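Asker: Given the structure of chain A, go ahead and fit chain B onto it with the hints provided.
The residues making up each chain are set out below.
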Amino acid sequence: NAGVTQTPKFQVLKTGQSMTLQCAQDMNHEYMSWYRQDPGMGLRLIHYSVGAGITDQGEVPNGYNVSRSTTEDFPLRLLSAAPSQTSVYFCASSSAEGATEAFFGQGTRLTVV
Amino acid sequence: AQSVAQPEDQVNVAEGNPLTVKCTYSVSGNPYLFWYVQYPNRGLQFLLKYITGDNLVKGSYGFEAEFNKSQTSFHLKKPSALVSDSALYFCAVRGGGGFKTIFGAGTRLFVKA
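Each protein sequence line maps, in turn, to chains A and B.
Using my numbering, you'd call the opening residue of the first sequence number 1 and step up by one each time.
Using my numbering, you'd call the opening residue of the second sequence number 1001 and step up by one each time.
No wet-lab data here; the hints were simulated from the structure.
Source: prediction; values computed, not measured.
Cβ coordinates follow ideal geometry from the N, Cα and C atoms, glycine included.
A few of these clues could be false.
Stated by the list, open to error - Looking from chain A toward chain B, a few residues come up when the C-beta cut is under 10 Å (computed): (1) Tyr35; (2) Gly40; (3) Met41; (4) Gly58; (5) Glu59; (6) Tyr64; (7) Ala99; (8) Phe103.
So that you can see chain B by itself, here it is in the shape it has in the complex:
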């Protein structure tokens, strides 16, 4: 069965500092991995995805994520956080060859000025 774990309910960082939001997954076969962001009272917006190839994936708004197959992780990173990055972030996994996409519980990011 597919599953996603986001071990931190909340991450606090100061503006200008690097940020990391953690995600680990479990899936049969090769995974398709996604990060989405949700701002208050809005739907989810796509940030980036890993399908195959380079383990470092770059996405929207300066975010990137590193795929680590041996640790089954797909952590979201940004070199310098902005206050406007404060939002709820979701990691998601889809099993290779399937259509079901399972989401993690979400991590709330607070960036303090």
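With the rest of the complex left out, here is chain A:
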């Protein structure tokens, strides 16, 4: 059982480039979310989704887009990368039934130069 899979693990971008961080889960979870982790700031919620076709903004959505066309996948798009988006990005999923805990991917370390 793979759980939550994020790709790539590492990425270096130039300012202004775009890219998509991939996230897939095989647990049939309805709820998926993206966080960024920065030193001293903890995890901040970027976007989240409560099911296919439904997304909403979190605490720090600017500069990022998401879509949810299937239950399994929740890609995060950086439209025009900026150095301020240098961070570690985590995808998480959980069941919508009851208050279940989140399962996290291993993270993507992104550097924007």
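Answerer: What follows is chain B alone, placed relative to chain A:
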């Protein structure tokens, strides 16, 4: 709006001593509260959660947490710390009935042999 505060950036304890990692929260409605642990270069792992019922919740690796509604706190505790407990600990809150989960800034725990 939901928020979580972890007032200590770092907690230092000697092996064998009890440990406490503090967390306070703000949320509308009944809270769902979680603790996660992160080891270096890894994703977050679930430790324990409070949904309803007994205010003392027991979780993985001998950790427990006490929910205090009047103080809006959910402190993580362990009676006897191990060196292997050294890691980054995150408290998280989800508003009752909602899906958005907000994390605190994290507390780094150092257990000295």
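Asker: Min Cβ distance, A:Tyr64 to chain B: is it shorter than 10 Å?
Answerer: 16 Å, violated
Asker: Hint A:Glu59 vs chain B: min CB-CB distance below 10 Å?
Answerer: 7 Å, holds
Asker: Would you check whether A:Ala99 satisfies its interface hint, that is, whether its CB is within less than 10 Å of any CB in chain B?
Answerer: Status holds, d = 4 Å.
Asker: Return the status of the interface hint for A:Gly40: holds when the least beta-carbon distance to chain B is below 10 Å, violated otherwise.
Answerer: 6 Å, holds
Asker: Would the hint on A:Gly58 stand, with a C-beta cut-off of 10 Å toward chain B?
Answerer: 7 Å, holds
Asker: For the restraint on A:Met41, tell me whether the closest CB of chain B is nearer than 10 Å.
Answerer: 6 Å, holds
Asker: Do the numbers back the hint for A:Tyr35, that is, is its least Cβ distance to chain B under 10 Å?
Answerer: A:Tyr35 check passes; min Cβ-Cβ to chain B is 7 Å, inside 10 Å.
Asker: Does A:Phe103 meet its interface restraint, that is, does its C-beta lie within less than 10 Å of any C-beta in chain B?
Answerer: Hint on A:Phe103: holds, closest Cβ of chain B at ~8 Å, below 10 Å.
In the structure shown, a violation is registered for the earlier hint numbered 6 alone.
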